[in-house]
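We have chain R already, so just place chain Y on it with the hints.
Protein chains in written order, with the working numbering: chain R, 1 to 740; chain Y, 1 to 458.
Bear in mind the hints are in silico, worked out from the structure with no lab data behind them.
Please note that the accuracy of each hint is not assured.
Derived pair list, reagent style BS3-like, types lysine-lysine, alpha-carbon separation capped at 25 angstroms [claimed, not checked]:
hint, chain 1, residue 1, chain 2, residue 2
1, R, 96, R, 740
2, R, 582, R, 546
3, R, 261, R, 194
4, R, 508, R, 328
5, Y, 376, R, 192
6, R, 235, Y, 376
7, R, 236, R, 67
8, Y, 261, R, 390
9, R, 236, R, 113
10, R, 236, Y, 263
11, Y, 261, R, 236
12, Y, 318, R, 391
13, R, 195, Y, 261
14, Y, 376, R, 146
15, R, 482, R, 360
16, R, 211, Y, 376
17, R, 360, R, 508
18, R, 482, R, 269
19, Y, 268, R, 195
20, Y, 268, R, 27
21, R, 405, Y, 263
22, R, 459, R, 582
Taking CB as the label site, the calculated pair distances span [claimed, not checked]:
hint, chain 1, residue 1, chain 2, residue 2, range
23, Y, 384, R, 184, 55 to 61 angstroms
24, R, 620, Y, 167, 24 to 30 angstroms
25, R, 417, Y, 158, 53 to 59 angstroms
26, Y, 179, R, 41, 14 to 20 angstroms
Glycine included, each C-beta is placed from N, C-alpha and C at the ideal position.
Residues per chain are reported as follows:
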Amino acid sequence: MNQKTQVQIQCTTIVSLTRTHVSYEIKDDVAIIRINDPNSKVNTLSVQLQQEMTEVMNEVLGNEAVKSAVLISSKPGCFIAGADINMIQACGTAEKVSSLSSEGQKMFERVEKSPIPIVAAINGSCLGGGLEFAIACRYRIATKNKKTVLGTPEVMLGLLPGAGGTQRLPKMVGLPSAFDMMLTGRNIRADKAKKMGLVDQLVDTLGPGLKGPEERTIEYLEEVAVGVARGLADKKVPMTKTKKIQEYVMGFEFVRNQVYKTVNNKVMKQTKGLYPAPMKIIECVKAGIEQGPDAGYLAESQNFGKLAMTSESRALIGLYHGQVACKKNRFGVPDREVKTLAILGAGLMGAGIAQVTVDKGVNTILKDTTVEGLSRGQQQVYKGLNDRVKKRSLTSFERDSILSKLTGQLDYGGFEKADMVVEAVFEDLNIKHAVLKEVEAVIPPHCIFATNTSALPIKDIAAASKRPDKVIGMHYFSPVDKMQLLEIITTDKTSRDTTASAVAVGLKQGKVIIVVGDGPGFYTTRCLAPMLAEAVRVLQEGVDPKKLDTLTTGFGFPVGAATLADEVGIDVAAHVAEDLGKAFGSRFGGGNVELLKTMVEKGFKGRKSGKGCYIYQPGLKRKDINPEIEEILERFKMTPHPTVSSDSDVQYRLVTRFVNEAVLCLQEGILNNPVEGDIGAVFGLGFPPCLGGPFRYVDSFGADKIVEKMRRFEDVYGNQFTPCQLLLDHAKDPSKRFHK
Amino acid sequence: RFVFRMFVMTKTKKTLAKPNVKNIVLVDGVRTPFLLSGTSYSDLMPHDLGRGALQGLLNRTGVPKEIVDHIIYGIVIQEVKTSNVAREAALGAGFSDKTPAHTVTMACISSNQAMTSAVGLIAAGQCDVVVAGGVEFMSDVPIRHSRKMRKTMLSLNKAKTLGQRLSLLGSIRMGHLMPELPAVAEFSTAESMGHSADRLAAAFGVTRVEQDEYALRSHRLAKKAQDEGLLSDIISFQVPGKNIISADNGIRPTSMEQMGKLKPAFVKPHGTVTAANSSFLTDGASAVLIMSEEKALALGYKPKAYLRDFVYVSQDPKDQLLLGPTYATPKVLEKSGLTMEDIDVFEFHEAFAGQIVANLKAMDSDWFAQNCMGRKSKVGVPPMEKFNTWGGSLSLGHPFAATGCRLVTTVAHRLQKEGGQYGVVAACAAGGQVFLTCRLLIHAVYAVTAIRLSSACL
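Next up, chain R with everything else stripped away, as it sits in the complex (with noise of 0.2 angstroms):
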């Protein structure tokens, strides 16, 4: 035994130098190549990480004693996050970034020309430019801890894999999932991953043994993956045999051809041509697969440079930023954890509320008047955590155990323990303020009391609270598992502690946050609320419903105009109409209220009445329009002014009143800053997101464009286009910018 040991540690080299994010050991035989950087949560393919992984290739592949290696990350639930964002947006032409590119491809065709075996150890996530430096090696091997994810997110960012991603995923898993990978670009667990043939191998994570689990659990992947490397390198082990039958399918041209023709029908229905990366995507593989390597290095190369520049990655990446940001509590830590959370109104939103707080195993109180109404909700939650258990991502037992958190209730008990309330009640003042009087009667004097509204001031519920510090807004939208952003909304009399600590339950739910200030409709519905009204205009023009949801969808908007409304119920839009209506008096006019009351009437309320401006049929996907409408629409018909009436005017008075009123939050002061503006609009209301939210739209459209546009239809419909002072001074001087 000691002798072993002795000979162990003569064997073993430990090559530091002054290297600081790339290390690596050599053990008897085997490199041990390790990435950990210094200075962050995550490894990113950084200028300095990629130069320092050169070198140490070099040292290793010029080693003689070397036959294999093993690179693996030393970063607890990070291989390698992907490439270095900011090192791309550096780069400023597309030359340079297309040169960046080649780079890339030449580092990992050595790894993937390496006279010895390269082993892929994977623990955590391994994104972008990660996945392509795995997918180079000779061998992949990774955990199945839950954080070990795969993918290729670049096109989120408007971007492709540049170094060479688009030539091997497609050898590597096929040309269906690799397309189906690099145009989503979701995230792929290590079990998935395995059958896809992107890894070769899993390793199980482990519990505490003689050290802490994760550090074991790497440590433990080392040791597999070494054994591997070795029996790779002996020809021991074999290497993955790929998938025989679809290469052999996929070897006809017709087939592939047949590929491209589906995958790019798909693309163009979904992007409408407005994002380029997924059609670039195609052109890079096909040219890999039909003209061979060279053509596809080429095209992937420079492609990468083009789409680099392009507004449309620029406002993905800007979003990815603002994101990154609005997952951060800029108020502080609270003084105290919310441990209890007690939901008022086990309806779509309350249930909703309770389904993403009690998962995060926060203790969760759902109160309902009835009994009706509450067991609706309870099913709601089951269903959401049994459809995940359907997709595996959670087990029965611990849906059963996150349930056992869950209390169903009709009466206030337990309230005196809850740290916070969040009321999900009906839209009605006297309701919450009764609701609020019961509530403050019974919780303890530290419990925030938050309150679930679209559109009524907050300070107008606290008016009923003894305790107006403690009042809050938070306004999540719906369905609430599914949709990222909750909008905070604080009065002046809101405490910071109670702010720090909406945030910090928004965070903890998973959410994006923006914090805004009080006033009718805060932020969101604010904006929305001008473009629903042109939306009704606009019909009121005699553009029937389909035609409309043609025109926001063609201009970026995920969900149309008309179906939008029939989403959020026709009974509400008109509500938040006429509220703010009342509070902005005729700038927010436009389309006639009496409509959309009109439609309440006859019980048109939109998806959840099965009819609104279309029919819904359970089961049915397809959708129709809502015959009678017509007839209504009929009777509230308007002239088109011609001179503002094509397609593209359509778009730009739906889009301009939307933009002009986000601009004139931040300029009241609403908002607090332009990016969560645009997160606000983008993940709250469906803004292009290619457009990068309402800010970032003028700034690469031009404010003096848009002041221009809104001029003109002012002349025609009055001060609903009357651009606001921001906007008017970033359009007399263009060197006013929201973003850097």
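Chain Y only, in chain R's frame:
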């Protein structure tokens, strides 16, 4: 998980008797030979083996049937026809039909549960004489129709017309015919025991060689004990229509080379747990006779051991499923006021060699004690010369619910043979539970020890 400790006392050492608590004694224990499932027992039913053990206990102890107050029997994989297997086995073994019997289940520590339930009944003054035991029969396990099929069949019962019946029959699809096998997996984590053991071994850095070495030790020691006739708890079993079985058939001391050839059984391809270093599927039954000391003496018995303290613990079923012995051992020692050094005989259930070695490493680790157990320092490792010296579950076999009684009886016999005083039994069980009993044993067969007994009691 289940841990048992047993102690033999001398005049100078503590008796571990507690004021106002009755002394409870193990009169004797027996077991059928443990056979690899699918061998000679394969045509039997679980209660047949249980009957064999119970009848053997009656014969060996000569206890009058009518004085047995209660019978408690353990089983894990239940035969649905004999859901109260305790009662079926007892009736078949010739016990009085006036003696109540009930069945308990607690995974691999089911018969430990049977024994401690008996201790509880006696300590509470409700019974004086209790028979406890357990049986496991893996040659036949209930394989069910699929849930869909069962639903259709149950609906058939209620169908009134021929048309209804035909339409129900017509609804049967291929998918209905897929049978459901009983899983040897945790319900909560869906992880099989072997898979969990492999992860545990990896977490503690237990190598394949260490596991194979430990398994080989178990087989060698078992063979030695068998050859020397030390496994005297075995009673012969006459398989109806076949020959008489009187020895375990799973003991196979081979060589490290041969064991090294096996491929991993659960975690592939890099796992370390193999068929050779795991306990195998086994058929077998065991039984013990437990009495209050007063009653045993009045009946003229020379009891083999005092049964003293026991502890059950449970942990996270995912990562600590098989670590029970490490958690339970120090607890029961503290309860008895003893230390590791006081113990003369250790009998730990060997589910997997990797699990035993991992437990030994955990007991030897300050890090584990401080970070997982909330202790200041490590538990300490039992000396190997006192540890499972007559083989263990890896070699003798592991009929889930019968192992507990085998461990306890073995401790009693080892204490007698080796002249020790205190013994401990430990075992791990599915669900992350550990049961540990601490027993004070007395050599009753020898005159000298009998004197110790009286001096201790008076």
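The hints, checked one at a time:
1. Distance restraint check for residue 96 of chain R and residue 740 of chain R: the Cα-Cα separation of roughly 21 angstroms lies within the 25 angstroms cut-off, and the hinted pair is therefore satisfied.
2. Between residue 582 of chain R and residue 546 of chain R the CA atoms are separated by roughly 30 angstroms; this puts the pair beyond 25 angstroms, and the hint is violated.
3. Between residue 261 of chain R and residue 194 of chain R, the direct Cα distance comes to roughly 28 angstroms. Violation of the 25 angstroms bound is thereby established for this hinted pair.
4. Straight-line distance between C-alpha atoms of residue 508 of chain R and residue 328 of chain R comes to about 11 angstroms, which keeps the hinted pair within the 25 angstroms bound.
5. Straight-line distance between C-alpha atoms of residue 376 of chain Y and residue 192 of chain R comes to about 43 angstroms, which puts the hinted pair past the 25 angstroms bound.
6. For a cut-off of 25 angstroms, the pair hint linking residue 235 of chain R to residue 376 of chain Y is broken: about 48 angstroms separates their Cα positions.
7. For a cut-off of 25 angstroms, the pair hint linking residue 236 of chain R to residue 67 of chain R stands: about 14 angstroms separates their Cα positions.
8. Restraint check: the Cα-Cα separation between residue 261 of chain Y and residue 390 of chain R comes to about 40 angstroms, which exceeds 25 angstroms; the hinted pair is violated.
9. Between residue 236 of chain R and residue 113 of chain R the CA atoms are separated by roughly 20 angstroms; this keeps the pair inside 25 angstroms, and the hint holds.
10. Between residue 236 of chain R and residue 263 of chain Y the CA atoms are separated by roughly 14 angstroms; this keeps the pair inside 25 angstroms, and the hint holds.
11. Proposed proximity of residue 261 of chain Y and residue 236 of chain R is supported: the alpha carbons are some 15 angstroms apart, at most 25 angstroms.
12. Restraint check for residue 318 of chain Y and residue 391 of chain R: the C-alpha separation of about 21 angstroms stays at or below 25 angstroms, so the hint holds.
13. The hinted pair formed by residue 195 of chain R and residue 261 of chain Y fails the criterion: a straight-line CA distance of about 28 angstroms is larger than 25 angstroms.
14. Distance check on the hinted pair: residue 376 of chain Y and residue 146 of chain R sit about 32 angstroms apart at the alpha-carbon level, beyond 25 angstroms; violated.
15. A C-alpha spacing of about 15 angstroms is found between residue 482 of chain R and residue 360 of chain R, which places the hinted pair at or below 25 angstroms, so the restraint holds.
16. Proposed proximity of residue 211 of chain R and residue 376 of chain Y is supported: the alpha carbons are some 16 angstroms apart, at most 25 angstroms.
17. For the given pair, residue 360 of chain R sits about 7 angstroms from residue 508 of chain R by alpha-carbon distance, which is consistent with the 25 angstroms threshold.
18. With a CA separation close to 23 angstroms, the supplied pair residue 482 of chain R and residue 269 of chain R stays within the 25 angstroms bound.
19. Simply put, residue 268 of chain Y and residue 195 of chain R have alpha-carbon atoms about 15 angstroms apart, close enough for the 25 angstroms limit, and the pair holds.
20. Taken as a hint, the residue 268 of chain Y and residue 27 of chain R pair is honoured in the structure, with Cα atoms around 24 angstroms apart against an allowance of 25 angstroms.
21. For the proposed pair residue 405 of chain R and residue 263 of chain Y, the alpha carbon gap of about 44 angstroms is over 25 angstroms, so the pair is violated.
22. For the hint pairing residue 459 of chain R with residue 582 of chain R, the CA-to-CA distance comes to about 17 angstroms; that is within 25 angstroms, so the pair holds.
23. A hinted range of 55 to 61 angstroms for the beta carbons of residue 384 of chain Y and residue 184 of chain R is consistent with their spacing of about 57 angstroms.
24. At roughly 28 angstroms, the beta carbons of residue 620 of chain R and residue 167 of chain Y sit within the given window of 24 to 30 angstroms.
25. At about 48 angstroms, the CB distance of residue 417 of chain R to residue 158 of chain Y disagrees with the hint of 53 to 59 angstroms.
26. For the pair residue 179 of chain Y and residue 41 of chain R, the supplied restraint of 14 to 20 angstroms is violated, since their beta-carbon distance comes to about 49 angstroms.
Violated hints, in rising order: 2, 3, 5, 6, 8, 13, 14, 21, 25, 26; the structure is consistent with all others.
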